[in-house]
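If you want the building blocks of each chain, they are given just below.
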Amino acid sequence: MFVARSSSVAARLLEEEMVIMCPRTSKLFVLNPVGTAIWNALDGDKPLDEIVKDRICTEFDVELETALAHANEFVKQLSEHDIVMTAEHPLPAKDPDTQTGKVV
Amino acid sequence: MIGGIPVRLWCHDRSFSSLLRKRYANFLGSNDKEAAELTVNLLSGGKQHPEADLEVVYRSGNWHIQRGDFRAEWNLESRRGVVWQRRSPYAIDSVIRILHTLILSEQGGFLLHASSIIRNGQAFLFAGQSGAGKTTMCRLAPADSILLTDEISFVRPVDSTYYAFGTPFYGELAVPGKNTFAPVAALYLLEHAPEDQIDGVSPCHALTQLLRNILLFAHESESVNRVFATAFDLISRVPVRRLRFAPTPQVWNALEQPACS
Numbered sequence: 001m002f003v004a005r006s007s008s009v010a011a012r013l014l015e016e017e018m019v020i021m022c023p024r025t026s027k028l029f030v031l032n033p034v035g036t037a038i039w040n041a042l043d044g045d046k047p048l049d050e051i052v053k054d055r056i057c058t059e060f061d062v063e064l065e066t067a068l069a070h071a072n073e074f075v076k077q078l079s080e081h082d083i084v085m086t087a088e089h090p091l092p093a094k095d096p097d098t099q100t101g102k103v104v
Numbered sequence: 001m002i003g004g005i006p007v008r009l010w011c012h013d014r015s016f017s018s019l020l021r022k023r024y025a026n027f028l029g030s031n032d033k034e035a036a037e038l039t040v041n042l043l044s045g046g047k048q049h050p051e052a053d054l055e056v057v058y059r060s061g062n063w064h065i066q067r068g069d070f071r072a073e074w075n076l077e078s079r080r081g082v083v084w085q086r087r088s089p090y091a092i093d094s095v096i097r098i099l100h101t102l103i104l105s106e107q108g109g110f111l112l113h114a115s116s117i118i119r120n121g122q123a124f125l126f127a128g129q130s131g132a133g134k135t136t137m138c139r140l141a142p143a144d145s146i147l148l149t150d151e152i153s154f155v156r157p158v159d160s161t162y163y164a165f166g167t168p169f170y171g172e173l174a175v176p177g178k179n180t181f182a183p184v185a186a187l188y189l190l191e192h193a194p195e196d197q198i199d200g201v202s203p204c205h206a207l208t209q210l211l212r213n214i215l216l217f218a219h220e221s222e223s224v225n226r227v228f229a230t231a232f233d234l235i236s237r238v239p240v241r242r243l244r245f246a247p248t249p250q251v252w253n254a255l256e257q258p259a260c261s
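Note that the protein sequences, when read in sequence, are chains A and B.
Going by my numbering, the first residue of the first sequence is number 1, and it counts up by one from there.
Going by my numbering, the first residue of the second sequence is number 1, and it counts up by one from there.
No lab work stands behind these hints, which were simulated from the structure alone.
Possibly wrong hints are sitting among the right ones.
Among chain B residues calculated to face chain A with C-beta under 7 Å, some are [claimed, not checked]:
| hint | residue |
| --- | --- |
| 1 | N26 |
| 2 | C204 |
| 3 | Q209 |
| 4 | L211 |
| 5 | L216 |
| 6 | H219 |
| 7 | V224 |
| 8 | N225 |
| 9 | F232 |
Examples of chain B residues toward chain A, derived with CB under 10 Å [said to hold, decoys possible]:
| hint | residue |
| --- | --- |
| 10 | A174 |
| 11 | P176 |
| 12 | T180 |
| 13 | D199 |
| 14 | H205 |
| 15 | T208 |
| 16 | R212 |
| 17 | S221 |
| 18 | E222 |
| 19 | S223 |
| 20 | V227 |
| 21 | F228 |
| 22 | A231 |
Not close to chain B: a few residues of chain A, all C-beta gaps over 10 Å, as computed [to be verified]:
| hint | residue |
| --- | --- |
| 23 | A10 |
| 24 | T25 |
| 25 | A37 |
| 26 | F60 |
| 27 | F74 |
| 28 | V75 |
Here the structure is a predicted model, which is why all the values come from computation and not from measurement.
The beta carbon of each residue, even a glycine, is placed where N, CA and C say it ideally should be.
Same shape as in the complex, but just chain A (with noise of 0.2 Å):
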């Protein structure tokens, strides 16, 4: 699976938590460092389970077939809210608005 973020979300990193703001329903979301970690590779050009696989499971101490898991799940509830887009094939690049910053 594919997946890309959406470029008309609002986030914003806060230390190492992602803040993010659903326009339709103005629902928040903060990920912690591994939801974090995940969202900033959700480019559409790379599938779901090489991401887990060469970055969470290299940054953080946790088995693939669990991480995985929660990575699907992860997914399945930001696209619930049209936050990110999946596809079976790679999505082409458009995240221009999707900006992120760094505050203290």
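Given chain A's structure and the hints, the job is docking chain B onto it.
Chain B alone, transformed into the frame defined by chain A:
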């Protein structure tokens, strides 16, 4: 004129105009040529349903705003609009709030579920949903404080500093704020507690709590992104703290102590 933003209201009905003059008495300004204009057309008959869902959509260059008791159109570029409503001050009050959120989002400001009080030349904001203690903080304020609002705070930047302005939007206090302004000293997130205590909060908590209390009627991504960016900017410039408080006047003593974070 609310928050230094002049909006001229036109209404052909004299008695309703008179009612609006009384309601917004502290906020009447001179005939500003640059003022935005809103024409109020009164409808007769039919049922009102203010509890119906509010819809705010941007279409063909105009904002279309609709609820059970009014319908309005607003053009941000020309700053002209029309509202069709029945003879209810609550309907026009809601329209004015929504218009200000649209105008303010362009200026890096917002309306906030918060009371605000000026004390010693600085504005203190107390945010929280219904029952959090916004009105209580106003009631407990020292006598020489200036009430800006006990319900909806008006915040916008002037020369890179965030200011709070008085508004006519009131809650339980049923008293409009004074038409004045002051730089924001701090934003407090209210919680009831047996004793007064002020704590720092993480930037993430500050941002999410601020966003949860901002009045956000439009759900277009551009508009939401602007408000999000403004909230992010504000928490980097204005101290945001958690205020656990008991409903006694001593809470204001705690606010005047040096910050603990």
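Numbered hints the structure breaks, given as an ascending list: Of the numbered hints given earlier, those the structure breaks are 1, 3, 10, 11, 12, 13, 23, 24, listed in rising order.
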